[in-house]
Amino acid sequence: MSIIDPIELPVPYSVDEINREFWKLCSTHILHFQQCKGCGHWRHLPRYMCSKCGSPDWHWAPSSGKGVIFSWTTVHQPMHPAFGGKTPYASIIVEMEEGVRIVSQAPDLPIEDLKLDIPVEVYFEARTEDVTLPFFRVIE
Amino acid sequence: MSERSIRGKVAVAGVGETTYYKRGQSPDAEFLLGLKAIVAACDDAGISPKEIDGFCSFADDRNDPSRLSAALGIKEMNLSSMQWGGGGGGAAGVLQNGAAAIAAGYADVVVCYRALAQGQFGRYGQGPQVPYIQGERAFTSPYGLMSPAQMFAMKVVRFMHEHGIKQEALRALSMASYHHAQNNPRAVMNGKPLTEEKYDNSRWIVEPFHLFDCCMENDGAAAILLVSAERAKDIKQKPAYILGAAHGSGYRAAAPVHNSGDYPSSNFSTVAPHLYRQAQITPEDIDVAQIYENFTGGVLMTMIEHGLCKPEEANDFFQLDNLIAQGGKLPLNTSGGNLAECYMHGLGLQIEAIRQLRGQSTNQVKDAKIALAAAGPMVSPVSTIIYGTEDTL
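Protein chains in written order, with the numbering used here: chain A, 1 to 140; chain B, 1 to 393.
It is worth saying that the hints were derived from the structure and are not from the lab.
Any given hint could turn out to be false.
Computed list of lysine-lysine pairs in DSS-like fashion (alpha-carbon distance at most 27 Å, straight line) [to be verified]:
{"hint": "1", "chain 1": "B", "residue 1": "Lys-369", "chain 2": "B", "residue 2": "Lys-310"}
{"hint": "2", "chain 1": "B", "residue 1": "Lys-198", "chain 2": "A", "residue 2": "Lys-86"}
{"hint": "3", "chain 1": "A", "residue 1": "Lys-115", "chain 2": "B", "residue 2": "Lys-310"}
Please read these numbers as outputs of a predicted model, since none were measured by experiment.
Assemble the whole structure, with the sequences as input and the hints as a guide.
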């Protein structure tokens, strides 16, 4: 069962160019993060300089798409009307192999099975014609 | 950092509060609430409001010093200062800024204030109610993560799992606030005691937070009047001196989204050492603590990061009996705090720390000489003040 309703749920809309590129690359079904050309440091969210070495030079690099569950929460009271009929649901933080963290959901993982460090991998679902979102599933 | 310190240079002369209301129930406009609290603080100190020459606030307070000065008939305004930061992270920093200005000679009588009528200006804690999400929120909202409660819950989940801390620890924190509110006639939750059963059966908002782990929404105002230590000798009240004051956060503490290095943190790990260095005391010297409850999990991490408890001791330490004014090891939130007295963005907790040192609390801790009051766990910047009586100087 997918918890995604393409009509009602909030979708990203970016006026910022590098944010827009992040979402655009999701439509390739390969997760990309920025990598610094100066020191090789990976970063997320998208931004214009490396907080580690200060270099303004970077490129989009493909992620392995694998990581572990770093934290989560189970939401019972929705804060947006589109989530009203969907509680309880879990939002998760995944720490990717590259070291960056990303917020997502693992809709097929039962809430009661959530714990730290479960290995997960990315998959993609189209939310609208223009927007494809990354989700995660457990690596068996 | 240098050996310079604010220790003993500035004192609290007066405190003032309006009646505290549930959200939307104030009969007064927010600006009038602010005026009333400031005048009350002046009356408490025995200082005319016209003598105020400095204003400090936080959390983007809407009631700016120029308007207040005109309304109060201030002779000259010499300081207008706003502490940045969302939520109540500035509730102690606002006093730090005011104290620094007095020590520097910029102003002589500084009022630190917060007026908040959520009923008149919209609520905190809500997510954007729109279908298209820009900026940082675009990376969380599609996944149902959009309010402070939800964001902070994830820090607390990680912290509790890393250290094996049980839900009962959060329950004890909530119950301590409610326990103290029952003796405090100002408290909005006075007359509404909380039991273990009531807590356990209350609805989840976002795990690990039940309803009673979350702060209230209120209307009201609070104000604290600061003067130099020399001036404090002439005031009506027993002065409470600032021994240490610090605000800030660690390396990339607010890195979006959930990418901070020290993630499961209240953000006090770099702030607390500066505080104790200035105050020249250790955590063991604290007689009573007032810790900002946006959510109980933040209180837990704040106490640990201030060295008041070790993580491995948390399940034993965070028990109601240890946290109450009536014989507890470390009395906590003795007014009822943000959970049960009033959510005045934490300024009420600073006032309660001062009240304890004057011997005026409705849950008085016997012989309290040193009080710690921390603001805004998990946001950035966070802030803390340590206050002491004259004996501690």
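Practice prompt. Would you mind confirming whether the straight-line C-alpha gap from A/Lys-115 to B/Lys-310 stays at or under 27 Å?
Written response: Between A/Lys-115 and B/Lys-310 the Cα gap is close to 23 Å, so the pair holds against 27 Å.
Practice prompt. Would you mind confirming whether the straight-line C-alpha gap from B/Lys-198 to A/Lys-86 stays at or under 27 Å?
Written response: The hint holds at about 26 Å.
Item to complete: For the pair supplied as a hint, B/Lys-369 and B/Lys-310, confirm whether the alpha-carbon distance does not exceed 27 Å.
Response: 23 Å, holds
Consistency with the previously given hints is maintained throughout, with no hint failing.
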